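Model the full structure from these sequences, guided by the hints.
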Amino acid sequence: MILASAGNVVVWIVWVGAGFACLASGAAVISFSNPFYSALALIGNLGSLAVLYLLLSAEFVAAAQVLVYAGAVMVMFLFVIAYIGPRMEAPWTSGPRWQSVAAVLAAASIFLEIIVAVSLKAGGKLSHSDHVNRTFGSPGWIGRLFLTDHLLAFEITSIVLLIAAVGGVILGSHTRRAT
Amino acid sequence: MQGPGIAWYLGIAAFLFGTGALGVLIRRNPIIVLLSLEIMLNGGNLALIAFARHAHNGAGQIFALTVMAVAASEVCVGLGLVVAINRKRLALDVDKLSELRG
Amino acid sequence: MRGGAWLCLFAPLAGTVLILLAGTRIPRRVAGWVSTASVFVAFGGAIWAFFALRASSNRAGITYTAWTWLQSGQFKVGLSVLVDPLSTFMMLIVAGVGGLIVLYSIGYMDGDDEERRYFAYISLFVFSMLLLVEGGNLLMLLAGWGLVGLSSYLLIGYWHDRPSAVAAAKKAFIMNAVGDATMALAFFVLIAHSNSLEFAASFHTADTLSSTTVNLVALGLLGGAVAKSAQIPLHTWLPDAMEGPTPVSALIHAATMVTAGVYLIARTHPIFEQARTVELVAAGLGALTLLVAGLIALVQTDIKKVIAYSTMSQIGYMFLGAGVGAYANGLFHLMTHAFFKALLFLAAGIVIHAVANEQDIRKLRGVGALMPWTKWAFLAGALALVGVPPFSGFFSKDPIIAAALHDHWYGVVMAVAALVGAFLTGLYTFRLYFIVFRGEPSAFAREHYHAHHGKEGPWTMLVPVGVLTVLAVVGGWLQFSPVWHPLTTWLDPVARTLAVAEPTNTQEAIASILAVGLGLAGIGVAWVLYGSGERAVPRVPALQRVLEHKFYFDEAYDALFYRPAVVLATWLRRDFEEPVVLATGTDLGEGALDIGEGASRIQTGLLRTYVLFVGTGLAIVGVIFLAVR
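Protein chains in written order, with our numbering: chain A, 87 to 265; chain B, 5 to 106; chain C, 2 to 630.
What the hints contain is simulated information worked out from the structure, not anything from laboratory work. Please read these numbers as outputs of a predicted model, since none were measured by experiment. Glycine included, each C-beta is placed from N, C-alpha and C at the ideal position. A couple of the hints might just be wrong.
[To be verified] On the chain A side, residues computed to face chain C include the following (Cβ under 10 Å):
1. 194
2. 198
3. 199
[What the hints assert, rightly or not] Pairs of lysine to any residue, SDA-like flavour, derived with a Cα cap of 20 Å:
4. 100(B) / 603(C)
5. 92(B) / 126(A)
6. 172(C) / 603(C)
Structure follows, in structure tokens:
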């Protein structure tokens with residue numbers, strides 16, 4: 087009992103920490119003028135999200151998040167930022183005044199609507215989570231699902247990745263002059 | 005183990021989504037816009053994982069992985085575009101990149 | 002009979018349409034002949050209808066309806082023509098005299114640039130007048146009424162680059178519109194009470210209407226008649242209407258249109274007989290007009306204006322006759338008047354045409370020596386007008402005076418007025434004749450007279466004048482009241498003379514002797530003053546001034562109606578139309594521009610803006626989904 091409650095406290099502390107980091111890094115991404123700092127903030131965001139996934143029994147997804155997202159995608163970002171060079175740009179300066187105000191309002195209303203939708207629709211149904219067994223979220227379990235129930239998603243994903251790779255190569259190559 | 009209910013995770017997801025949207029709308033540097041898009045996608049991912057946990061349904065996690073793969077592809081292509089634009093010596097500013105030309 | 006009526010009605014309309022459609026593709030002369038032919042065909046139709054009616058057993062007339070035009074509840078009215086003694090009588094006059102005048106116009110209007118338009122209009126006029134007299138119900142009559150007003154406007158203002166002509170046309174139309182309005186109101190009352198505008202039905206209900214109602218209806222009809230026939234008080238348009246070409250003056254403002262008022266009274270006499278007071282008012286107005294017009298004609302210096310006032314005066318006689326109830330007498334005078342008045346106008350037209358379009362009698366002095374044939378024709382017309390036997394006016398004018406004599410004390414008063422009018426008629430007519438046609442030609446006349454290939458005018462002008470001269474002489478022999486009256490018998494089924502207006506033989510004799518005597522006295526005075534050398538005419542300056550200003554009617558109407566209207570219009574324009582109405586247009590335009598400018602600020606050209614719209618749309622849709630559940 088005491089162990090359970092102690093575990094609960096730990097979970098809460100971890101949750102608060104990861105949650106706060108997530109929110110702060112999210113705000114930081116859009117606030118820095120230096121894109122390099124924004125990318126670094128996003129890496130922090132992804133890391134804290136991985137912690138949250140772990141809290142939600144999604145171990146494989148957490149691992150994939152760190153490896154793929156933070157490891158590959160963000161590295162790519164950093165490479166390109168380094169390649170392009172420093173481009174400082176302050177967030178709130180450009181465009182018509184009303185546009186900035188309207189943007190804040192739109193984003194805030196989207197946020198609020200999601201909150202309202204979830205709380206109204208769900209009612210009390212979100213309070214009790216199902217009890218999950220130990221294999222939930224494990225790599226083996228994910229793999230089995232990919233190859234049985236969600237095979238189509240698996241195949242389509244692979245095609246999308248292929249297309250993206252081809253597209254990336256084409257976009258990145260130098261154009262040949264007609265000889 | 006206990007911990008906060010799913011609703012809290014959904015709250016964080018909503019915040020991430022809104023923040024990402026705001027970033028898309030007010031930043032001019034296309035790289036930062038892509039970063040903001042990433043935040044939005046991650047918000048969606050978090051919501052999916054949370055619901056998967058809540059409903060004991062694996063489809064949420066599968067979907068989240070798919071989203072991750074798609075996001076990676078999109079970033080790949082997007083950054084390729086950024087590099088191509090930079091090579092053409094055009095301004096890296098979504099306000100100025102308003103014509104499909106050049 | 003039916004064929005004759007429809008042919009008579011539609012032939013001139015066909016003429017108009019043909020001329021309009023042909024436009025400038027036909028030579029000008031051809032337009033004139035088309036028009037003349039159409040009116041003569043109409044005359045043929047009228048003769049056909051007349052003889053058919055005479056041969057048929059139904060003397061009271063038949064109404065033929067082509068189709069039902071308007072049906073509203075129980076009210077039904079159609080395009081119908083009525084063939085009865087009165088309408089065939091009028092058809093013959095209108096088409097016959099009209100045909101002669103249109104023929105004359107070919108010669109008169111020769112050389113005018115817009116001749117085709119003239120002939121289109123004049124055919125339209127003949128059609129309208131025939132519609133008026135042939136109309137089988139009051140609505141057709143009103144349609145014809147309005148159309149003749151329109152044709153009159155178009156023809157008075159025919160020379161539209163003359164401001165005086167345009168103003169005269171407007172004046173005529175507006176004064177006629179006043180009459181049209183009163184007539185329409187009378188018709189509304191009739192429709193309300195009888196649900197029909199057919200002649201028989203309306204007249205039938207006249208018995209059942211209350212006294213005030215039937216008086217109002219009769220007053221409304223009288224208003225229309227007074228306006229159309231240029232009687233006091235709606236008479237000031239007729240002298241100004243002389244701005245139109247002379248054949249127009251002859252046809253519209255002498256022979257036919259201005260007599261429409263008399264026709265109306267005769268046609269709707271059952272209503273008038275229920276409102277006897279109004280009928281007598283009509284007679285009184287006629288008597289008053291004949292005096293006033295006769296006086297004004299004494300000082301006129303324009304040859305056409307003298308004849309115009311004479312027309313006004315003679316129509317006063319017709320109103321007098323119809324007003325006391327002697328419808329046949331009034332209509333008989335209408336017929337003889339058509340002959341001799343048209344003759345006078347056309348003869349004057351020959352003079353005007355030959356002497357450089359000059360109309361001032363002082364300049365035209367003595368032109369009779371240069372144009373003897375015209376002089377004799379004019380003399381015949383003048384004698385007919387004065388009523389000297391055996392010319393036609395004698396046979397038609399004196400019975401009217403006699404009928405008035407018979408009709409109570411007020412009839413006697415009106416008869417006395419008519420007798421004074423006879424004296425004035427002799428005086429002004431022969432003043433005109435002696436000044437223009439007797440004596441040595443003036444220098445002006447000699448200088449500007451030019452014969453037409455050796456004759457006084459082209460044959461198209463001389464032949465109608467000749468025909469009309471013959472008619473002016475013999476036309477009266479159709480009826481000699483005490484002894485022989487086929488016309489009264491013919492018109493009896495539809496326009497029976499009231500008993501109160503049937504004079505005794507003694508009264509007839511007294512009236513005739515007095516009228517002829519006074520007429521000859523007038524001629525004598527004219528001879529003394531104007532005929533035998535340059536005798537100084539006694540002048541009373543104040544009286545002269547009043548007469549020359551036509552009893553100040555024009556000035557009075559100007560002050561009463563025109564000036565207040567101008568003030569009102571100016572005030573409205575300045576204080577209402579310009580700030581409110583016109584500014585609204587500008588304001589609306591500027592407002593639209595402002596809205597556009599404001600809206601165009603959304604078009605920033607930035608991609609981010611459009612993404613923002615997507616996001617905003619998402620937010621709004623989300624709200625809607627949440628609200629609707």
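Hint by hint, here is what the structure shows:
no.	hint	in the structure
1	194	holds, 9 Å
2	198	holds, 9 Å
3	199	holds, 4 Å
4	100(B) / 603(C)	holds, 17 Å
5	92(B) / 126(A)	violated, 27 Å
6	172(C) / 603(C)	violated, 59 Å
Violation of the numbered hints given earlier is confined to hints 5 and 6; the remaining hints are satisfied by the structure.
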